[in-house]
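Number of protein chains: 2
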Amino acid sequence: MKRVKVSNNVIRRLPRYLRKLDELSESGVDKISSRQLAELLGLTSSQVRQDFNCFGEFGQQGYGYNVASLREQIAGILGMDRGFTAILVGVGNIGRALMENFCFSDWGVNLTAAFDIKPALIGTEYRGVRIYGMDELERYLAEHTVDVAVLTVPKTVAVSVTETLTNRGIDAIWNFTNVELTEPNSKTLVENIHFSDSLLSLSYFVAERRDEAAAKSAREEK
Amino acid sequence: MKRVKVSNNVIRRLPRYLRKLDELSESGVDKISSRQLAELLGLTSSQVRQDFNCFGEFGQQGYGYNVASLREQIAGILGMDRGFTAILVGVGNIGRALMENFCFSDWGVNLTAAFDIKPALIGTEYRGVRIYGMDELERYLAEHTVDVAVLTVPKTVAVSVTETLTNRGIDAIWNFTNVELTEPNSKTLVENIHFSDSLLSLSYFVAERRDEAAAKSAREEK
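In order, the protein sequence lines correspond to chains V and P. Numbering follows the numbering used here, with no gaps: position 162 of the first sequence is 162. Numbering follows the numbering used here, with no gaps: position 18 of the second sequence is 18.
Careful, some of the hints might be misleading.
Which copy? The list can't say, so a pair holds if one copy fits it or any two copies do.
To be verified - Dumping the calculated PhoX-like pairs for lysine-lysine here, alpha-carbon to alpha-carbon at most 25 Å:
1) Lys5 to Lys155
2) Lys5 to Lys187
3) Lys31 to Lys155
4) Lys118 to Lys222
5) Lys118 to Lys155
6) Lys118 to Lys187
7) Lys216 to Lys5
8) Lys31 to Lys187
9) Lys216 to Lys20
10) Lys5 to Lys118
11) Lys155 to Lys222
12) Lys187 to Lys155
Read the hints as simulated data drawn from the structure, not as lab findings.
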């Protein structure tokens with residue numbers, strides 16, 4: 001695929017379009033205008049059109065988008081048809097939650113193995129995924145193609161495990177450790193899940209609402 | 001606090017500033033310019049200054065920001081000093097992961113209770129938080145002030161539990177169920193954690209990198 005540099009904000013909106021299109025598809029909608037799509041996502045229609053224009057022509061002026069084909073195009077841009085493989089490192093609560101509840105294959109990613117240090121887990125399978133010992137990690141990486149490492153180890157070992165992974169050629173880490181791994185080296189892509197950023201945004205909106213209610217009742221008392 | 005309407009993008013950046021300022025503080029840095037802060041976060045310095053200007057005067061022209069006081073101001077804007085309380089509904093893998101590894105109090109939120117249907121859990125404490133039966137939820141909400149409900153129940157009951165919560169006056173939900181609860185009603189704030197959006201963004205960047213590498217080697221072969 002020919003690639004043009006696209007802004008981070010556009011890239012971050014693509015998965016949201018995808019989810020919305022999946023929803024529309026499930027509800028039997030097969031065509032949608034940029035205006036309707038924009039409304040459903042709290043965007044403007046010109047923003048929607050501009051986002052898609054980054055990747056070529058997706059719709060027909062005045063005819064709207066075909067939901068199924070737009071979905072396929074976005075899935076392709078997101079790499080969902082590449083057959084990417086992932087391993088999960090650290091089968092604690094969050095690791096188990098992902099293995100149990102997060103359907104990697106829905107997003108085009110094949111979770112092929114998991115790793116942990118607990119002897120009781122090693123050699124078992126969880127949700128169809130084999131759990132190996134951490135001491136088998138390097139050999140596994142030498143023998144298999146792995147596109148993404150899902151990092152769900154305890155904080156204390158996040159940096160050392162990352163070193164092992166990057167030394168063995170892993171160049172994409174999905175980081176759940178809350179340790180900032182941004183740019184462990186220039187070659188590694190790190191996507192951080194920061195629960196706190198999300199909670200604090202919610203906290204902001206709650207505080208804003210409380211302040212507005214307080215201001216309103218102060219005005220009414222006057 | 002006087003509130004002006006601030007764009008969603010600015011609000012989403014505030015927690016990132018906060019984390020970075022915490023890091024700087026821990027490394028003994030006590031002053032920083034907007035340019036330095038911008039560089040650390042991959043922003044422009046005018047963007048940083050504009051963001052802070054939304055909330056009043058934070059620094060002194062030419063003197064930079066005091067790290068500790070900027071941190072306190074941002075924490076205040078984010079509502080971290082309001083003593084917000086939260087309950088967690090659903091003590092499965094993801095619920096346990098949050099109770100075990102996510103320090104709510106670090107973000108100014110007091111996790112006061114958890115709820116589940118499993119008899120073995122009810123009446124126990126996990127990490128200092130008491131677990132109640134789901135049938136005790138309504139009474140608990142009637143008797144306690146709860147600002148945020150952390151929703152970590154299985155998908156299948158996400159909507160019905162949300163109804164119970166909102167009927168009982170909960171107006172902020174931190175939603176981990178992957179079910180779209182946006183606007184269950186006009187009064188409820190919902191903050192969704194979408195793991196898939198994050199994974200797909202990473203997938204995009206991996207695909208982009210692979211394409212660039214392929215294009216490069218194609219050019220070299222010519």
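Exercise. Give the relationship of Lys31 and Lys187 under a CA distance limit of 25 Å: within one copy only, between copies only, both, or neither.
Key: Neither. Shortest intra-copy (41 Å) and inter-copy (31 Å) distances fail the 25 Å Cα cut-off.
Quiz item: Given identical chains, is Lys31 near Lys155, meaning Cα to Cα at most 25 Å, within a copy, between copies, both, or neither?
Solution: This pair counts as neither: shortest intra-copy Cα distance 46 Å, inter-copy 28 Å.
Quiz item: At most 25 Å between C-alpha atoms: does Lys216 with Lys20 qualify within a copy, between copies, both, or neither?
Solution: neither (36 Å within a copy, 35 Å between copies)
Self-check item: Alpha-carbon proximity context of Lys155 and Lys222, limit 25 Å
Solution: Cα proximity of Lys155 and Lys222: none, with 53 Å in one copy and 47 Å across.
Quiz prompt | Homomeric proximity label, Lys118 with Lys155: Cα distance no greater than 25 Å | solution = within (16 Å within a copy, 29 Å between copies)
Practice problem: Go through the copies and call it for Lys187 and Lys155: within, between, both or neither, with a Cα cutoff of 25 Å. | Solution: within (22 Å within a copy, 37 Å between copies)
Quiz item: How would you classify Lys5 and Lys118 at a CA-CA limit of 25 Å: within, between, both, or neither?
Solution: neither (43 Å within a copy, 50 Å between copies)
Quiz item: For the identical chains here, do Lys118 and Lys222 meet the 25 Å Cα criterion within one copy, between copies, both, or neither?
Solution: neither (65 Å within a copy, 51 Å between copies)
Practice problem: Classify it for me, Lys216 with Lys5: is the Cα-Cα distance of at most 25 Å met within a copy, between copies, both or neither? | Solution: between (46 Å within a copy, 16 Å between copies)
Exercise. Up to 25 Å between alpha-carbons, please classify Lys5 paired with Lys155: within, between, both or neither.
Key: neither (34 Å within a copy, 37 Å between copies)
Practice problem: At 25 Å max between alpha carbons, let me know whether Lys5 reaches Lys187 within a copy, between copies, both or neither. | Solution: Close inside one copy (18 Å), not across copies (39 Å); limit 25 Å.
Practice problem: Go through the copies and call it for Lys118 and Lys187: within, between, both or neither, with a Cα cutoff of 25 Å. | Solution: neither (31 Å within a copy, 46 Å between copies)
Consistency with the previously given hints fails for numbers 1, 3, 4, 6, 8, 9, 10, 11, ordered from lowest to highest.
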